[in-house]
Amino acid sequence: NSNKSNLKLYVRRVFISDEFDELLPKYLSFLIGLVDSDTLPLNVSREMLQQHSSLRTIKKKLIRKALDMICKLAEEDPDESTDKEKKEESSSEVDEKRGQYTKFWNEFGKSIKLGIIEDATNRNRLAKLLRFETTKSEGKLVSLDQYISRMKAGQKDFFYITGASKEQLENSPFLERLKKK
Numbered sequence: 001n002s003n004k005s006n007l008k009l010y011v012r013r014v015f016i017s018d019e020f021d022e023l024l025p026k027y028l029s030f031l032i033g034l035v036d037s038d039t040l041p042l043n044v045s046r047e048m049l050q051q052h053s054s055l056r057t058i059k060k061k062l063i064r065k066a067l068d069m070i071c072k073l074a075e076e077d078p079d080e081s082t083d084k085e086k087k088e089e090s091s092s093e094v095d096e097k098r099g100q101y102t103k104f105w106n107e108f109g110k111s112i113k114l115g116i117i118e119d120a121t122n123r124n125r126l127a128k129l130l131r132f133e134t135t136k137s138e139g140k141l142v143s144l145d146q147y148i149s150r151m152k153a154g155q156k157d158f159f160y161i162t163g164a165s166k167e168q169l170e171n172s173p174f175l176e177r178l179k180k181k
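Anchor point for the sequence shown: position 148 equals 148 in full-length UniProt numbering, and the numbering is continuous, going up by one each time.
Fair warning: there could be bad hints in the mix.
[As the list claims (entries may be wrong)] Pairs of lysine-lysine, DSBU-like flavour, derived with a Cα cap of 30 Å: (1) Lys26 - Lys8; (2) Lys128 - Lys110; (3) Lys59 - Lys8; (4) Lys179 - Lys166; (5) Lys166 - Lys128.
[What the hints assert, rightly or not] Restraint-style ranges between C-beta atoms, simulated for each label pair: (6) Glu170 - His52: 47 to 57 Å; (7) Leu144 - Thr39: 30 to 40 Å; (8) Ser165 - Glu47: 14 to 24 Å; (9) Pro41 - Ile148: 47 to 57 Å; (10) Gly154 - Gln50: 49 to 59 Å; (11) Gly139 - Arg64: 30 to 40 Å; (12) Pro41 - Leu144: 42 to 52 Å.
In short, the hints are calculated from the structure, not lab data.
All C-beta atoms in this analysis are idealised placements derived from N, C-alpha and C, irrespective of residue type, glycine included.
I would like the entire structure built from these sequences, with the hints used as guidance.
Here is the structure:
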């Protein structure tokens, strides 16, 4: 059934539905889980339930918790932390965590970008999750904050280029001019 989402809604441990697209925005459709609420009524139609104010509250909390978890994953990735933070962690912890957010980004980065476009309320939080390759990152992904911290003194702007493939971008005459700057 194409209407089924990855979220299942329960009320007081009684299954209600798995066809609630309203619980999560499209950009978080990759999430899997269940929601059990004590505040929703059991004996109403699906249409009445969709209009219930508790459902809006649940949606806000789900989005906030999901973004908090993703932000935590991004912050815990050793590739994202500072040199001082890297020294404080044991090497086995670092090896275990290394690249987890990068893997997440490679899988779900397009969803985060969709969220930037669609969700004005959470745009700033989502922006912290964005990752990009730069001419100086040697194939590693960097956050906007990392990029800004590496900007030259007095530099107010940064340049970007978009394209269909990495190869196309690397061969762009525009990029050649910018690399010389």
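Each hint, compared with the structure:
The straight-line distance between the Cα atoms of Lys26 and Lys8 is roughly 16 Å, inside the 30 Å bound, and the hint therefore holds. With a C-alpha separation of about 14 Å, the suggested pairing of Lys128 with Lys110 holds against the 30 Å cut-off. Note on Lys59 and Lys8: the hinted pairing holds, with a Cα-Cα distance of about 13 Å set against a maximum of 30 Å. In summary, the hint linking Lys179 to Lys166 is supported, as the alpha carbons are separated by about 16 Å, within the 30 Å threshold.
At most 30 Å may separate the alpha-carbon atoms for a hinted pair to count; Lys166 and Lys128 meet this at roughly 23 Å. Between Glu170 and His52 the beta carbon distance is about 52 Å. The supplied range of 47 to 57 Å therefore holds. Here the CB-CB span from Leu144 to Thr39 is close to 38 Å, well matched to the stated 30 to 40 Å. Distance hint check: the CB atoms of Ser165 and Glu47 are about 46 Å apart, inconsistent with the given range 14 to 24 Å.
In this structure the supplied range 47 to 57 Å holds for Pro41 paired with Ile148, their Cβ-Cβ distance being about 49 Å. In this structure the hint that Gly154 and Gln50 lie 49 to 59 Å apart at CB holds, the actual value being about 54 Å. Hint check: Gly139 to Arg64, Cβ distance near 33 Å, so the stated range 30 to 40 Å holds. Our hint of 42 to 52 Å for Pro41 and Leu144 holds, since their Cβ atoms are close to 44 Å apart.
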